[in-house]
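Chains as they are written, first to last, in my numbering: chain A, 2 to 428; chain B, 2 to 428.
Hints were generated in silico from the structure; no laboratory data involved. Treat each hint with caution, since some may be false.
Pairs count within a copy or across copies, as identical chains cannot be separated in the list.
Claimed, not checked - Cut-off 20 Å, straight-line C-alpha distance, at most; resulting in silico cross-link-like pairs (EDC-like, lysine to aspartate or glutamate):
#, residue 1, residue 2
1, K46, E12
2, K46, E203
3, K376, E343
4, K178, D204
5, K46, E58
6, K173, E203
7, K251, E22
8, K127, D204
9, K13, D55
10, K189, D55
11, K120, E227
12, K173, E218
2 protein chains.
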Amino acid sequence: MARQGINQIREKIEYLAIGSELLTSSYPETNSLFLSERLESLGLKIKYKAVVGDRLEDIISALRVALNRSRLIFISGGLGPTADDRTREAVSRVVKQPLVFCPLILNKIKQRFAARGRKMTPSNRKQAYVIRGAEILENTNGTAPGQWLETKTHILALLPGPPGEFSPMVQKLIIEKLQPYQNKYVLKTVIKTSGAGESWVEDRIRSIYCLLPPELELTILASPGEVQIRLTLPLKDINDPARKIFYKIKDKILKLLGEKVFSTDGQALEEVIGTEFSHLGGRTLACAESCSGGLLADRITAVPGSSDYFLAGLVTYSNKAKSQFLGVPDRLIREKGAVSREVAQAMAVGVRKRTGADFALSITGIAGPGGGQAKKPVGLVYTGLACPKGVDVTENHFQGSRRQIKFQATQKALDMLRLKLKKFHKE
Amino acid sequence: MARQGINQIREKIEYLAIGSELLTSSYPETNSLFLSERLESLGLKIKYKAVVGDRLEDIISALRVALNRSRLIFISGGLGPTADDRTREAVSRVVKQPLVFCPLILNKIKQRFAARGRKMTPSNRKQAYVIRGAEILENTNGTAPGQWLETKTHILALLPGPPGEFSPMVQKLIIEKLQPYQNKYVLKTVIKTSGAGESWVEDRIRSIYCLLPPELELTILASPGEVQIRLTLPLKDINDPARKIFYKIKDKILKLLGEKVFSTDGQALEEVIGTEFSHLGGRTLACAESCSGGLLADRITAVPGSSDYFLAGLVTYSNKAKSQFLGVPDRLIREKGAVSREVAQAMAVGVRKRTGADFALSITGIAGPGGGQAKKPVGLVYTGLACPKGVDVTENHFQGSRRQIKFQATQKALDMLRLKLKKFHKE
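Could you put together the complete structure from these sequences and hints?
This is how it looks when you write it as structure tokens:
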């Protein structure tokens with residue numbers, strides 16, 4: 002690919018997802034979000050996205066459209082071992098290059114099976130075919146290797162459909178293949194907040210709208226329990242004075258939102274907490290959950306290295322488990338109910354005492370859809386935090402599905418902990 | 002539109018989303034999922050999906066592609082009042098029909114503003130233009146009306162982009178416009194399996210491929226821990242003999258896959274287990290997790306009503322917690338290691354005994370990315386199941402990210418339980 006083509010390629014990027022399931026209501030197409038995010042880190046963006054089913058003629062037709070209007074085409078899916086995986090064949094036809102058998106790939110696939118103590122099945126043989134001229138992209142997370150094909154006019158990247166295989170391969174491409182296409186001068190930040198609604202955030206930062214230069218893109222993105230503000234500014238060059246405006250606006254937003262902001266570098270709340278614990282050195286955490294049913298422990302342990310500070314999580318779903326494992330008095334549950342401020346407090350104190358952790362979180366509530374009453378409706382959730390200096394409890398009224406209520410409950414608990422750790426740090 | 006065109010239209014449905022934000026990483030495109038779901042209720046499906054930004058030339062180019070390959074085109078977005086809303090203009094150009102000013106729409110928009118005590122802004126005037134020949138689709142949830150345009154060859158539905166306006170308008174179209182295109186006779190099933198890889202499944206069912214009629218769509222979809230086989234067959238009418246073939250093939254597949262199949266109605270593994278427990282009546286479940294960190298409990302409690310059978314989940318991340326809460330002997334952990342067959346067994350037996358549950362699951366392993374060794378690599382996971390008749394443990398070697406290993410561990414544990422409950426049921 003001639004260097005003079007770089008600008009053209011930058012501006013003509015297409016993403017094509019292949020898979021009949023992506024045309025149904027059951028499968029949201031998510032790979033392109035990851036791809037966009039990684040491309041944005043290079044100052045690049047996708048111009049067209051398309052989704053097509055598994056039929057060979059449909060794939061070919063979608064590829065022809067893509068070749069016609071784009072220069073760099075990311076294709077995901079259809080690289081599996083089964084009869085409905087036909088991306089290799091379709092690309093081979095439209096670029097008029099034959100498929101070549103590659104014994105090296107076959108060996109890798111065989112080794113992969115052997116490592117799991119299994120034998121390769123005959124259908125995997127298909128995955129060892131490569132379009133002539135294409136470079137093989139190794140797949141450390143599955144059997145389907147990717148392919149990188151540069152023709153005189155186009156670049157085609159064939160990538161596996163499963164997100165767990167697609168994402169690492171894209172990440173590698175970003176580092177190894179796509180650097181020359183980088184649009185170096187883009188400033189970007191993602192400000193994540195918790196404990197505030199979308200309209201509160203919007204009202205709060207409205208005063209800076211009149212300061213925004215037209216090229217600065219500000220978007221607010223809300224999901225239950227979290228609101229993000231995304232700022233993106235392409236610069237003319239490294240000395241572009243707009244750079245200063247960007248940081249000025251970012252600072253203003255941070256000041257206006259205060260301690261609602263938990264990260265400015267893309268970290269999730271549980272990761273922020275992981276970082277705090279690593280700074281504290283040796284302090285420990287435990288949790289006791291009822292309605293969130295293990296999601297709090299799951300989020301805490303999603304962070305690599307969390308075993309350094311996380312001791313235990315007790316999912317005390319039944320009342321008996323609350324007494325037995327946490328020492329919550331039976332009488333308290335009878336008198337106040339399992340979903341009450343008092344029980345949340347006793348759970349946090351109980352799990353802290355029994356595990357010996359420095360900090361302990363608790364959650365009890367009604368995640369729905371059943372189990373709500375007039376006095377204690379679905380969405381009522383108490384979260385508790387016990388620490389060396391005492392115990393706090395909050396009362397919350399969340400809305401949404403069972404899943405959304407579970408998530409918001411854990412978000413609130415983690416946010417209490419974040420704020421406490423921040424103070425603890427200062428003292 | 003002549004009636005003979007109905008079949009053609011049914012098979013050539015496209016969805017085109019317009020909006021630059023949909024090409025960024027921040028905005029998943031969700032309207033098409035709703036549209037697919039509603040179309041599926043009529044036995045229809047989308048054949049192509051496309052996303053394009055707000056530039057007029059890009060919209061026109063995407064519309065030309067769509068007109069070329071499809072007959073019924075749903076277009077969402079670009080109907081707002083601002084300068085970057087250009088769908089009306091683009092459609093008008095490609096179908097070669099002028100935009101006509103419609104005072105009725107303008108009045109409606111004015112009324113809408115007045116009802117909120119506000120004055121219409123001049124930019125909204127733009128929304129009162131209709132493509133000549135199009136029918137206006139009223140928007141009760143926003144200012145942008147939709148348009149329904151039937152030409153000699155195509156149907157185009159212009160719909161507003163915000164999901165809260167898009168969805169009700171689609172729902173109305175389903176009832177008022179799309180009934181004639183209903184494909185009443187579509188047979189569909191989703192066969193979900195666990196404990197087998199994609200290529201194993203494919204090889205296993207390969208023998209039925211030669212029996213498949215060309216209209217029967219069979220797709221295999223794999224994700225870590227789960228492989229799905231989806232069968233779809235449109236029938237000519239209710240007496241179509243192909244119906245028998247469908248059920249024959251479904252039965253053959255079920256026989257070939259045997260007990261690997263856990264559901265044929267879309268249920269997740271945790272839901273299948275929920276159903277089993279509701280049949281057993283009064284039997285109870287508990288779990289003890291290490292590397293899966295709460296995800297097992299989280300999945301079990303994702304099922305509404307799980308509090309009827311789920312007593313408690315103990316996330317014993319530290320060794321001390323394993324001894325303290327589950328009674329795993331310190332010596333055993335020292336001698337065999339926390340990740341061992343023996344500790345998995347002791348965890349399952351321990352949590353069963355302490356909670357008094359009938360069935361108890363356990364998971365211990367190395368989720369990575371750190372913590373692996375030559376003898377105990379990342380991905381090594383033991384799962385245990387204790388029940389009235391004894392205790393089983395499996396050794397597994399999973400691959401993938403931390404998240405994927407956590408998920409596969411829970412999938413394996415739930416699958417052990419499913420198979421045990423099935424037997425238990427029969428006895």
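Checked hints:
Taking the closest pair of Cα atoms, K46 and E12 come within 20 Å of each other only inside a single copy of the chain (8 Å); across copies the shortest separation is 32 Å, beyond that limit. Taking the shortest alpha-carbon separations for K46 and E203, neither the intra-copy value of 25 Å nor the inter-copy value of 37 Å comes in at or below 20 Å. In this assembly of identical chains, K376 and E343 lie within 20 Å of each other by CA distance solely inside one copy; the values are 16 Å within and 47 Å between copies. In the homo-oligomer, the alpha carbons of K178 and D204 never lie at most 20 Å apart, since the shortest distance is 42 Å inside one protomer and 36 Å across protomers.
Taking CA atoms no more than 20 Å apart as the test, K46 paired with E58 passes between copies only; the shortest distance there is 17 Å, against 28 Å inside one copy. Taking identical chains as interchangeable, the C-alpha atoms of K173 and E203 are never at most 20 Å apart, the minima being 37 Å within one chain and 30 Å between chains. Only between protomers do K251 and E22 lie at most 20 Å apart by alpha-carbon distance; the minimum there is 18 Å, versus 41 Å within a single protomer. Taking the shortest alpha-carbon separations for K127 and D204, only the inter-copy value of 13 Å comes in at or below 20 Å, while the best intra-copy value is 56 Å.
Proximity of K13 to D55 under the C-alpha cut-off of 20 Å is restricted to the inter-copy arrangement: shortest distance 15 Å between copies versus 25 Å within a copy. For the homomeric pair K189 and D55, the shortest alpha-carbon distance between copies (17 Å) is at most 20 Å, but the shortest distance inside one copy (37 Å) is not. In this homomeric assembly, K120 and E227 come within 20 Å of each other (Cα to Cα) only across copies, at 19 Å, whereas the closest approach inside a single copy is 46 Å. For a Cα distance limit of 20 Å, the shortest separation of K173 from E218 qualifies neither inside one copy, at 28 Å, nor across copies, at 35 Å.
Of the hints listed earlier, those the structure fails to meet are numbers 2, 4, 6, 12, in rising order.
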